[in-house]
Amino acid sequence: MTTLELQQMANEVRKGIVTAVHSAKAGHPGGSLSAADVFTYLYFEEMNIDPKDPKKPDRDRFVLSKGHTAPGYYSALALRGFFPVEDLPSLRHIGSYLQGHPCMQHTPGVDMSSGSLGQGISAAVGMALAAKLDGKNYRVYTLLGDGEIQEGQVWEASMFAGHRKLDNLCVIVDNNGLQIDGNVADVCSPYPIDKKFEAFNFHVINVADGNDMEQLRAAFEEAKTVKGMPTVIIMKTVKGKGVSFMENQASWHGKAPNDEEYAVALADLQKVGEALCQR
Amino acid sequence: MSEVKKIATRESYGNALVELGAKHEEVVVLDADLAGATKTGVFKKAFPERHIDCGIAEGNMMGIAAGLAATGKVPFASTFAMFAAGRAFEQVRNSIGYPHLNVKIGATHAGISVGEDGASHQCNEDLALMRTIPGMVIICPSDDVEARAAVRAAYEYEGPVYLRFGRLAVPVINDNPGYKFEIGKGVLLKEGSDVTIIAAGLCVNSALEAAKKLEEEGVSAEVINIHTIKPLDKELVIASAKKTGKVVTVEEHSIIGGLGGAVCEALSEEAPTPVLRIGVKDTFGESGPAEALLKKYQLDGEGVYAQIKEWI
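As you go down the protein sequences, you meet chains H and G in turn.
Going by our numbering, the first sequence opens with residue 80, and the numbers climb by one from there.
Going by our numbering, the second sequence opens with residue 5, and the numbers climb by one from there.
Extracted from the complex, chain H is given alone in its bound form (with noise of 0.2 Å):
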């Protein structure tokens, strides 16, 4: 896709997530929306998958460690064709095949089920130790919040992919700054988070706007290139971006827009593509 098609493509996916949230009453928009814009370049540019095979062998893997940002999951697959878009507003219905957090099991496309912070990670390693066992090439891709990492699991598995020298492994951190109590920094500071992966012999790449498509080809580019040792891209992004009133707000972390805020939230939404078509 060109750069173009994947920006129209990620506003598409917000539109999704606040249609989904909106019409569950609950759920989490902020770093869903933070994240609108990997999901896509994952799932649209990025990786070897199959819609119509989604349990294809030789598949690239995705975890959802922050597992609470299943609405933006699941507009993305959803567009990308696993299940039909209609069935983003069932999210967290009774019966629904979209749980609040992924499960692997009733979903199409979800590799794995997570939501419970730190533990998709690991899971992630698993696959990824999974394709160097088999000598097969498929590569893994897992993505935490900036406040997931604060979870010693995390830590767990970044040392022991370290360890086994997973260059199959490309691991995303969500840097919005923002976690349920406030700002990242103040509840109990990450930073300087590259180091921190550094340390644990990682590849590390700054990426200084996670939410700019150029930006992010850039970096997953390098990624693949990366020889003897896991990556981590920690992407610089806007909790809630792209609905105006939700930007940088904690309080947009876990809760839906009520009717009025959806209306305006869309509207947003359709004021960036279309200036995205005037392009």
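Don't read these hints as lab results, they were simulated from the structure.
Think of the CB as a built atom: it goes at the ideal place given N, C-alpha and C, for glycine as much as any other residue.
Among the hints, a few may not be true.
Unchecked claim - Covered stretches of chain G (chain H as the covering partner; in silico rule of three or more C-beta atoms under 8 Å from a C-beta of chain H):
hint, region
1, 51-60
2, 68-77
3, 286-298
Unchecked claim - From the structure, some residues in chain G lie toward chain H, with a derived Cβ separation under 8 Å:
hint, residue
4, N64
5, Y102
6, P103
7, H104
8, P175
To be verified - Residues of chain G placed beyond 10 Å of chain H at every Cβ, according to the derived structure:
hint, residue
9, K189
10, K238
11, A243
12, T248
Keeping the supplied structure of chain H fixed, place chain G upon it in accordance with the hints.
Just chain G, lined up with the frame of chain H:
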């Protein structure tokens, strides 16, 4: 009479893994710096490329096992029961149990027969913890024959399995040609009419010894080896309870939530019967030689006999 052969079920675990590994390429074994103690060292020696030491990080080990299983591997994640069921409970629950991944957990050093290491390492709570995870199969073998059969059965079964092994060498009691292991099917070891003794793990031998003593005093005890704690063989338990009218459970585990809990739940719903739960009585263990601890906590043949004698 020749000396009874004794083998720790953790040894059986390691040996069975080597056999499985030779036949099945997808079997991988994980450890958390305890390969020497969990006895998986023999697998490591035979198949070094398929032995994965995760270091002292049990939560991560369970997650890695989940990821491996998601790609089609059959991982056996090995560590002490305390860390497998205790420390890593939530990883087992969320990364293995919830997605029903094909991970086998080899939990060694269960119960007070850990011995000298003391209470911090004597896990008397693992059965209770694991029982609450939907879809988790729990097996607590009584000897070498059963432990090896259990490992093979766990491999054949598709889904998460918790295997409970001990540190202490225990007598081989199932070494007979008619022995057959089936997950969820208890083994009737001795028929009786006055009381039913249902036991698991090393306590099966204690139950047999107690039954013999009771017999000498005219009390006819039925003995059931219930190697699978979950799913419990309700049919066998209820039929025997109806026959004898009195049930005793014996386990090297807290009397809360383990075998005793499982049997009480089954009976109270379907065939209310008086039950005596023999086990670790809501207390922590302590340091000491394993045999001496089993005696002190009345889990040896003599202790089980005395408690039943007093109760009936």
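Each hint tested on the structure:
1. 51-60: The restraint on the region 51-60 of chain G holds, since 5 of its residues have a Cβ under 8 Å from chain H and three suffice.
2. 68-77: Three-residue rule met by the region 68-77 of chain G, so holds; n is 10.
3. 286-298: Violated - the region 286-298 of chain G has 0 residues with a Cβ nearer than 8 Å to chain H, which falls short of three.
4. N64: 4 Å, holds
5. Y102: Since chain H brings a Cβ to about 5 Å from G/Y102, closer than 8 Å, the hint holds.
6. P103: 4 Å, holds
7. H104: Hint on G/H104: holds, closest Cβ of chain H at ~7 Å, below 8 Å.
8. P175: 38 Å, violated
9. K189: 28 Å, holds
10. K238: 27 Å, holds
11. A243: 35 Å, holds
12. T248: At roughly 42 Å from the nearest Cβ of chain H, G/T248 sits farther out than 10 Å, so the non-interface label holds.
The structure does not agree with the numbered hints 3, 8 stated previously, though it agrees with the rest.
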